[in-house]
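2 protein chains.
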Amino acid sequence: MTLPPEFELIARHFRPLAGPGALGLTDDAAVLAPPAGRELVLAADAMVAGVHFLPDDPPETIGRKLLRTNLSDLAAMGAAPLGYLMTTALTRGTGSSWLAAFAAGLREDQAEFGVSLLGGDTVSTPGPVTLSLTILGHVAPGRALRRTGAAPGQDVWVSGSIGDGALGLAVLQGELPADAEGHLAGRYRLPRPRLALGQALAGLATAALDVSDGLVQDLGHLCRAAGCGAALQAAAVPLSAPAAALVAQRPALLPRLLTGGDDYELLFAAPPAAAAAVAARAAACGVDVTRIGQFVPGEAVVAVRDARGEMLRLDGGGWSHF
Amino acid sequence: MTLPPEFELIARHFRPLAGPGALGLTDDAAVLAPPAGRELVLAADAMVAGVHFLPDDPPETIGRKLLRTNLSDLAAMGAAPLGYLMTTALTRGTGSSWLAAFAAGLREDQAEFGVSLLGGDTVSTPGPVTLSLTILGHVAPGRALRRTGAAPGQDVWVSGSIGDGALGLAVLQGELPADAEGHLAGRYRLPRPRLALGQALAGLATAALDVSDGLVQDLGHLCRAAGCGAALQAAAVPLSAPAAALVAQRPALLPRLLTGGDDYELLFAAPPAAAAAVAARAAACGVDVTRIGQFVPGEAVVAVRDARGEMLRLDGGGWSHF
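Chains U and L, in that order, are what the protein sequence lines are. According to the UniProt record's numbering, the first sequence is numbered sequentially starting from 1. According to the UniProt record's numbering, the second sequence is numbered sequentially starting from 1.
FYI, nobody ran anything at the bench for these hints, they're computed from the structure. Be aware that one or more of the hints could be misleading.
Unchecked claim - Coverage of chain U stretches by chain L, computed from C-beta distances (three or more under 8 Å per stretch; other residues unrestricted): (1) 44 to 50; (2) 238 to 250.
Claimed, not checked - Computed from the model, here is a short list of chain U residues facing chain L with C-beta under 7 Å: (3) Glu39; (4) Ala76; (5) Leu118.
Ideal Cβ placement from N, Cα and C applies to all residues, glycine included.
Bound-form chain U, shown alone:
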């Protein structure tokens, strides 16, 4: 009896990604002992070709982007990664070379982030390639970083730089010129989950999330969870050198950076008294962190002011899936 082609595809490309507990992807499910004395942290994200990645993105980066957006959710909870399950709905024409590159990218990230494939499903679709990934992590009991917990008077912090992902998408779509190093496109295709920083902030940050839908909208989530507002200084928002160069040429881009999404940086709250400790722990992780505003009493509104203190008008509050 010959096996249908998907078994051969899975065996060739995905089985080498399987780790402890995956039972070689040959059983009905994975079986693993959870880390003793830890809580589980679980998140899932989906990506659709043409919506969340470009159909002609290199296949090496597509699986990695999905894995990294999920790892970013773990980072935002202060959790350490454990493993993942992935389902792939592939078009019939998906060739073995595409799958090989897709799997090679994942293998690279598995080594970098210390995770492995636990299980999943491969099906065919007449529509766009659709991927879904569930990440499994762990955290010390009661130490998960929640979205609730910010309070008026606390600082608004963000890691890394904001806007590169949105600009990278515009570069890849031919709307903006590429930077020489390919930094912006690289940030769109390969987010950098701030796992070490997230774990280092446990017990220090009062609230956290990862910026996926746009800085202003995601800051709004922290405000709603806290029942307060936030004042954001646009000039304080950290930009990469290529992003700063583009904004210097075209100041009208700034609102887009603040609302654009695809940043996957950590946005968190901490009392002013904790500022030195936050900076020290971030430095120990090798990640820049920047204070960009304060939580303020009042409604859950994010007020954004430019360098002259004038209110910035933002067209969109952030990325909407619909």
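We have chain U; now place chain L onto it with these hints.
Okay, now just chain L, sitting in the frame of chain U:
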């Protein structure tokens, strides 16, 4: 600031499905303490409209089918369910009434199977509706039912009845007449995960899986895992009354029942000496089980013989995703 529509949709339809650990679906991830002293069991399945369900299937049954196929994987491991994460890629036109019915179906099954929604993601797609679900369960350490472990001389057992799902699909596609009770279509749309039976078989069955790709192909998986063959008596394969009536009229349908897929029954191996215990435990669960063949020495080939002892020729070994 108004929230984008997907937040409102998720809040209205999916938040009522959230259980302990889901943090109201408002955080970056779910956080839960794993059951003490148990191993985790994890599986994921995807479904595409027009491939794994019919686009005009009632929305009440679509999410339930996906949940039940995943629960069936837990059943095949002898595991108890804990919760699930789900990603939904929906077309822009998906209305609130469709979503309400989709969620209502899930709510019904959550109550029946004792699970709740832990997290997920809702995105838009230009293509067919694509759903992915990761199920989380638990089992006593070392007690998971694996696919490996069958041996020559052991019996082949199956739960419930075979072929209803494949016939139900043919009924829904207008190829076969419907039975008066709608049993066949119901079995296609709503599989019955054999959770109690799976748990009752721990320590008794030597190998198990759930029949999703067709009885003969899935029996082939047990054979390959065991390094032996199987002799299957087609006349012993349990059929429901509507399926038996159709086969009596059209004997040519029988091979299709044996290879058709969508059964979600448990197929398992047990030594002949355990037969009485298997029957007793199944009876205690209220599930029929039937001996349909034996594992035999030799290559991993499934030989199917009809009531006269003649070899049945089967065109396809089972359902292929590609």
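| query | Does the nearest C-beta of chain L fall within a distance shorter than 7 Å of the C-beta of Leu118(U)? | reply | Holds. Min distance 6 Å.
Would the hint on Ala76(U) be counted as holding, given a Cβ-Cβ threshold of 7 Å to chain L? holds, 4 Å
Query raised in the report: Do three or more residues of the region 44 to 50 of chain U come closer than 8 Å to chain L, measuring C-beta to C-beta?
Result: holds (count 6)
- [ ] Test coverage of the region 238 to 250 of chain U by chain L using CB-CB distances below 8 Å; three residues minimum.
- [x] violated (count 0)
query = Would the stated hint for Glu39(U) survive a check requiring a Cβ distance to chain L of less than 7 Å?
reply = holds, 5 Å
Hint compliance for this structure: hint 2 is the single one not met.
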